[in-house]
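Engineer: Below are the chains, spelled out letter by letter.
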Amino acid sequence: MDRRSFIKLTAVSGTTAALASCGNPEHQLIRFVPDEDIVPGQAVWKPSVCPLCPSACGLTVRVMGAEADVVRNGKAGVVQILAAKKLEGNPEHPVNHGGLCARGQAAIQVTYHPDRIAQPLKRTGNRGVGSYEAITWDAAIAEVVAKLNEIAASGKAGSLAFFGRSGSSYRNALIGEFLARFGAPAPMSYDLFGDDVLRRANAVSFGVAQLPTFDFAQSRYVLNFGSDFLGTWNAPVSQSRAYGDMRQGRRGVRGHFVHVDSRLSQTGASADEWVPIRPGTEGVLALGIAHVVIRDKVRPAVADRATAAIAGWKDGLPDYAPERVEEMTGVKANRVERLAREFAGGPSVLPQVRTQPGVAVIGGTALAHTNGLFNALAINALNALVGSVGVPGGLAFTPQLDILAAAKMTGRPTPAASLRQWAADALSSASSVQALLVDGVNPVFTAPRAWKLRDALAKVPFIVSFGSFLDETSVMADLILPDHSFLESFTGAVPESGSAMAVVSAAGPVMKPLHQTRATTDVLLDVGRQLEKPIELPWQTFEEMLTASFAALPAMTEGSDAWTDAQEKGGWWGEIPAAVRLKPDTASPVRLKADTTSVVSGLSRTQPEFDGDAAQYPFHFLPYPSNQFLDGSTAHLPWLQEMPDPLTSAMWSSWVEINPATAAKLGIAQGDVVDVTSAHGTVQTAAFLSPGIAPDVLAMPAGQGHTTFTRYASGRGANPVDLLAPVTEESTGAVAWAATRVKIARVGDGDGRLILFAGEFREHQEHGR
Amino acid sequence: MFTTARAGFSDALNDFIGRHPNKPEQPVEFPHKTHYAKKIACTEYCHEAVVSGPVAGLPSVRTCMVCHNAIATDRPRIKQITAMRDRGEDFVWRRVFNYTPQAHVKFNHAPHIRAKVNCTTCHGPIHEGTVAQRNVDMNMGFCVNCHNERKAPVDCLTCHF
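For the protein sequence lines, the chains are A and B, in the order given. Residues -9 to 759 in the working numbering are what the first sequence lists, from first letter to last. Residues 1266 to 1426 in the working numbering are what the second sequence lists, from first letter to last.
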């Protein structure tokens, strides 16, 4: 060793000796033996189904080894598990073709949410307080069984109510069968932003009570009445993809897109042209366009045939001349004429641009009026007039699997009352409601306050919730029997739209349950078996039901069977055998039923009606499903709270959109705290100045304003539902959520409740310089 | 000698004097040589992930019990493992071979196995000892020399990505 090294060595060893004593003692947790074979560092992709909206997009889930904290034998430790790490769209799935929206991406947080209910709970405090104690599954199921036995013994099986999820799924089929065999009415499903009005209109127009699927990819002209089809409406991922193809997927062809709405939504912001319209008069504009098409014979070949088919249109809709339409809708007469010529695509109109095939879309706000059915029927008839029904580039209907037939179910439950009717019954003194089961839905948050749903729940003697989170409805429950997350359970749903061919989205669990939860479907089967008068369903588990039901479908690959294929691919798609196809046969060409527009001309309710006196409440109130939270069901996911709204860039907050000119008149500045008041309530929120809204309209996103819905959503923002008038569309009973009038008053300066990602919204000011 | 590639003074010192004391105490004193003598390949049961992915993987109690449920059940160490299995507990293996985070090296076992690099090239004569010991100095020169010899890529991004 030379001198230099010796000096280095002395210096280093001295320092090392001094530092060695400050090392970290190793914290050693107990490691438990894993339950499954895990290859470290290797990701496996497994299919699943997105649960957040009824479009039932296919997922592919990255599953890898991970460490989980567990307590075993009273000792805390860690164990290796296979855990879902990332969700992506399933590239093979015919609805989303590999795409996935931001909400779907965030769905993984449902499974790992820190406030997820981890074991059965029994209420200890008063209802609505949210104090619960943990109980065992055996005790919890015994309690449900005892209550159901009591109801059955008293001969009042009909007094068992069920709040279920909407959409067609194996889960809902099993629940329906359970209730039917018990003697209870079918599950009630309530969606604030549900499209029952359009289903009803399609049943009248085309004989199919279903939401349409649009072939945007081959359209050249889209005339959209109020729907947010790129954001939240119908099957947004499927539609966004097709829309991309319409604009950029064809060489030399860029489809034209016109948006008709009183608010410039995210979808409207993508349009070539925005046509602001007086709320609720969309149907009138559609008939005005039809008037011009017939009068000028813009598209004579198709139009002649259609006018003959549409009763009452032979004389060319004289009540809807452009000048009249201008009076009613606020859309200039010459603009109506131009839109008609463009939409019908007559050769003389745009010589260098073909606009056929074109399609008109209706959804969202245009349906949410007292005359929603009229609007929808008018637009259906307009589509028929220009021949865009059942053709490439037009609208069609996805063939549907009849789950009840596929599962060979026999029970036909008595139809459920509407939620509103049920709440009224439960509140009446002669109430017979004995028990209520809630399947992870939250109608207390989304139903108009005038329905007094919360008070109705308070009067129900026994409420069981299968929810995973303590939301405004679950907090009223006496027992909470938490369901698995979608990643931990078998799933199966039939997408209503978004694909030209028939699809069943289905998958097995991608990971083992993290908590002491049980699949609700299996719990119901278990309860059924334990009843004094047992409900003997032909399957022991939900998995057996899926296996048995898929036997009705042909295999997708040779030498396999449909259920094996579905578990591998994340679903089944193809030609449905006639025996299990939902009637009417939606695969055959869709045709306008002859009597359709006798309905339009004969319909009494062509004009929208609004709740509230126009002098006292000068503004139309337009709540809309939030891009992040829809109706509020995803507000508990922090990624979505963190996600800036695409138009306002607001996050973690709620706001009311107001036209800058109106705001200036009222002395309201960006971010100011305002009171928005209807005849039914007041909410306090921040003002957001947006040029993309008509001067007499105030818009507010739904989703925030939860009182109890996990640490991320509770006490955040305001809920526009608090203002809604209990006005409904007559024929369907659907809430006319855009039919409330409000007033607005400034309360004070902004207090930081409006959090914007992108700072100030200056465009409208800069244009005016 | 004081480069960022070393975690601390003690590492630098050990490196300087050519000492490789990285022989952490393991939950079980696993005799590699006994298993090697029984002709059980490294990749067969215990480190099976080595052929397919970046990490070799360390065996869980389950893996041991595949054989030791029946074999050599009377030995004290096997009894120790059986008792752990019965309690549902697993090994807390201590890491022997690793790069410091500051080195920004990503290593993937699988391509090395495919290139038929012997385990002992990097891990030393583990098959002759009991508990794993870090008896090879894995620094950048060690990797690059071998890559040069075997005409493997020496692009920076091969390992530093």
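Source of the hints: derived by calculation from the structure; they are not laboratory data. Keep in mind it's a predicted model, so treat the numbers as computed, not measured. Virtual Cβ for every residue (Gly too), placed ideally from N, Cα, C. One should not assume that every hint holds.
Stated by the list, open to error - For each label pair, taking beta carbons as the anchor points, the in silico distance ranges come out as: (1) A:Ala659 - B:Phe1426: 42 to 52 Å; (2) B:Gln1367 - A:Lys502: 46 to 56 Å; (3) B:Cys1332 - A:Glu78: 34 to 44 Å; (4) B:Ala1348 - A:Ala541: 39 to 49 Å; (5) A:Lys112 - B:Ala1306: 46 to 56 Å; (6) A:Trp127 - B:Tyr1301: 41 to 51 Å; (7) A:Ala92 - B:Cys1387: 38 to 48 Å; (8) B:Asp1339 - A:Arg701: 26 to 36 Å; (9) A:Glu78 - B:Phe1372: 21 to 31 Å.
Said to hold, decoys possible - Straight-line alpha carbon distances no greater than 20 Å define the calculated SDA-like cross-link-like pairs of lysine to any residue that follow: (10) A:Lys75 - A:Leu417; (11) A:Lys75 - B:Gly1318; (12) A:Lys65 - B:Lys1371; (13) B:Lys1371 - A:Pro30; (14) A:Lys36 - B:Pro1292; (15) A:Lys65 - B:Thr1347; (16) A:Lys65 - B:Gln1345; (17) B:Lys1344 - A:Lys36; (18) A:Lys65 - B:Pro1292; (19) B:Lys1371 - A:Pro503; (20) A:Lys65 - B:Thr1365; (21) A:Lys65 - B:Ser1317; (22) A:Lys502 - B:Lys1371; (23) A:Lys146 - A:Leu417; (24) A:Lys36 - A:Glu558; (25) A:Lys65 - B:Gly1318.
Unchecked claim - In silico contact screen, one side only, chain B against chain A (beta carbon under 8 Å); selected entries: (26) Phe1274; (27) Pro1319; (28) Arg1360; (29) Phe1362; (30) Gln1367; (31) Val1396.
Engineer: Of the numbered hints stated previously, which ones are contradicted by the structure, given in increasing order?
Structural biologist: 2, 8, 10, 12, 14, 17, 19, 20, 21, 22, 25, 28, 29, 30 and 31
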